[in-house]
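Chain order of the listed sequences is A and B. According to the numbering used here, the first sequence is numbered sequentially starting from 873. According to the numbering used here, the second sequence is numbered sequentially starting from 873.
Hints listed in this document are in silico derivations from the structure and should not be mistaken for laboratory results. As the structure is a computational prediction, the values presented were derived from the model and not from experiment. Each hint should be verified, as a subset may be incorrect.
What the hints assert, rightly or not - Below 16 Å or equal to it, Euclidean Cα-Cα: the simulated EDC-like pairs (lysine to aspartate or glutamate) are:
no.	chain 1	residue 1	chain 2	residue 2
1	A	Lys924	B	Asp1013
2	A	Lys924	A	Asp884
3	B	Lys931	A	Asp918
4	A	Lys1059	A	Asp1041
Unchecked claim - Derived Cβ-Cβ restraints for the label pairs, each shown as a range:
no.	chain 1	residue 1	chain 2	residue 2	range
5	A	Asn985	B	Gly987	50 to 58 Å
6	B	Gly1032	A	Arg1027	35 to 43 Å
7	A	Gly977	B	Gly1032	27 to 35 Å
Every residue, glycine too, gets a C-beta built ideally from N, C-alpha and C.
Number of protein chains: 2
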Amino acid sequence: MLPTHFTPVPLDKSYRLMNHGPTVLVSAQHGDSINVMAAAWACVLDFGNTPKVTVVLDKATRTRELIEASGFFALQLPTQAMATLTCGVGTDSAKDTPHKLAKHGVTTFAAPNSGTPLVHGCVGWLVCQLVPEPHNQTAYDLFIGDVLGAWADDRVFRDGRWHFDAASDDLRTIHHVAGGQFFVTGKTVQG
Amino acid sequence: MLPTHFTPVPLDKSYRLMNHGPTVLVSAQHGDSINVMAAAWACVLDFGNTPKVTVVLDKATRTRELIEASGFFALQLPTQAMATLTCGVGTDSAKDTPHKLAKHGVTTFAAPNSGTPLVHGCVGWLVCQLVPEPHNQTAYDLFIGDVLGAWADDRVFRDGRWHFDAASDDLRTIHHVAGGQFFVTGKTVQG
Chain A
873 MLPTHFTPVP
883 LDKSYRLMNH
893 GPTVLVSAQH
903 GDSINVMAAA
913 WACVLDFGNT
923 PKVTVVLDKA
933 TRTRELIEAS
943 GFFALQLPTQ
953 AMATLTCGVG
963 TDSAKDTPHK
973 LAKHGVTTFA
983 APNSGTPLVH
993 GCVGWLVCQL
1003 VPEPHNQTAY
1013 DLFIGDVLGA
1023 WADDRVFRDG
1033 RWHFDAASDD
1043 LRTIHHVAGG
1053 QFFVTGKTVQ
1063 G
Chain B
873 MLPTHFTPVP
883 LDKSYRLMNH
893 GPTVLVSAQH
903 GDSINVMAAA
913 WACVLDFGNT
923 PKVTVVLDKA
933 TRTRELIEAS
943 GFFALQLPTQ
953 AMATLTCGVG
963 TDSAKDTPHK
973 LAKHGVTTFA
983 APNSGTPLVH
993 GCVGWLVCQL
1003 VPEPHNQTAY
1013 DLFIGDVLGA
1023 WADDRVFRDG
1033 RWHFDAASDD
1043 LRTIHHVAGG
1053 QFFVTGKTVQ
1063 G
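With the hints as extra help, turn the sequences into a complete structure.
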């Protein structure tokens, strides 16, 4: 069942979910195997009606194997309330800790259409199809995805914009620095 | 002359300047021509002793031409106090506005050793050598750089870590959302 507040975002506005550079959770599934990891090195690559993203995925990760096998993944934005969960799935590997998701309280639901596993509690989700670029993947651990669909929690993102100020601080996105320390997305200023 | 508070950051800590996903200013020089643009789509690609970054540079930009001609560029982190400047150099092009830097109050100084132009008022600077990847540059506007040297303003970054809480909010980094709206880097939470 889809979470309450799970609302479609038009493709041409989906870059705004990640434009401010938050840390993401990366999820993927192949066969019955689902995994989730954290990645601070994720970025918008293109916008408009053919949005793209990049994400750096270490060769040691189980999630990378699932993406290479299935050709699909999701990037999603954890909240301040999920900082400990994010740190946990970014530290443990499913290769050493088979019950990693249960250990860190991660539950998933299937994205509409694609069925890609998405993480409960996040405030933005982007389902992506891998754009195979073997040289980038091998030399730089750099993966490119075409964004196929996007959704957001309408308590904090609606009409194509974030509205963090009007909601609980628990729903703010987070930005990893190092060693489990994060900055919370702060106040708005106009340039 | 180098700015006060301009302090070297060890290469293996330089990724921490950008790990939280702030918007950057991109600067470059070829011959006597210097330019500066804003980029929200910049990201760490690797850390350790061979740190790398990515940045997306539109084909229409003058700064991209300078980088392709010289093989060098710098990424640097503007502050809350520089939100209007950042918006200005991200909107105007030097192709239409030859005195773009003066118009927006941008002044530069030469980086130690390389001489790459760096922007006064920023709180972190990374001098990079272009890693030529013609396919990425042409197909995706995606540029990769080896970080050769890094510096930070020691009022907000020292001992390998950000210390925004102890300084003026004017020195906080910023994250572009859309249309000249930015989020300021917010409070610290431990995961």
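Results for each hint:
1. Lys924(A) / Asp1013(B): 12 Å, holds
2. Lys924(A) / Asp884(A): OK: lysine 924(A) and aspartate 884(A) at ~11 Å, within 16 Å.
3. Lys931(B) / Asp918(A): With Cα atoms ~13 Å apart, lysine 931(B) and aspartate 918(A) stay inside 16 Å; holds.
4. Lys1059(A) / Asp1041(A): 11 Å, holds
5. Asn985(A) / Gly987(B): 50 to 58 Å: Holds - the Cβ-Cβ distance for asparagine 985(A) and glycine 987(B), about 52 Å, lies within 50 to 58 Å.
6. Gly1032(B) / Arg1027(A): 35 to 43 Å: 36 Å, holds
7. Gly977(A) / Gly1032(B): 27 to 35 Å: 31 Å, holds
The earlier numbered hints are all upheld by this structure, with none contradicted.
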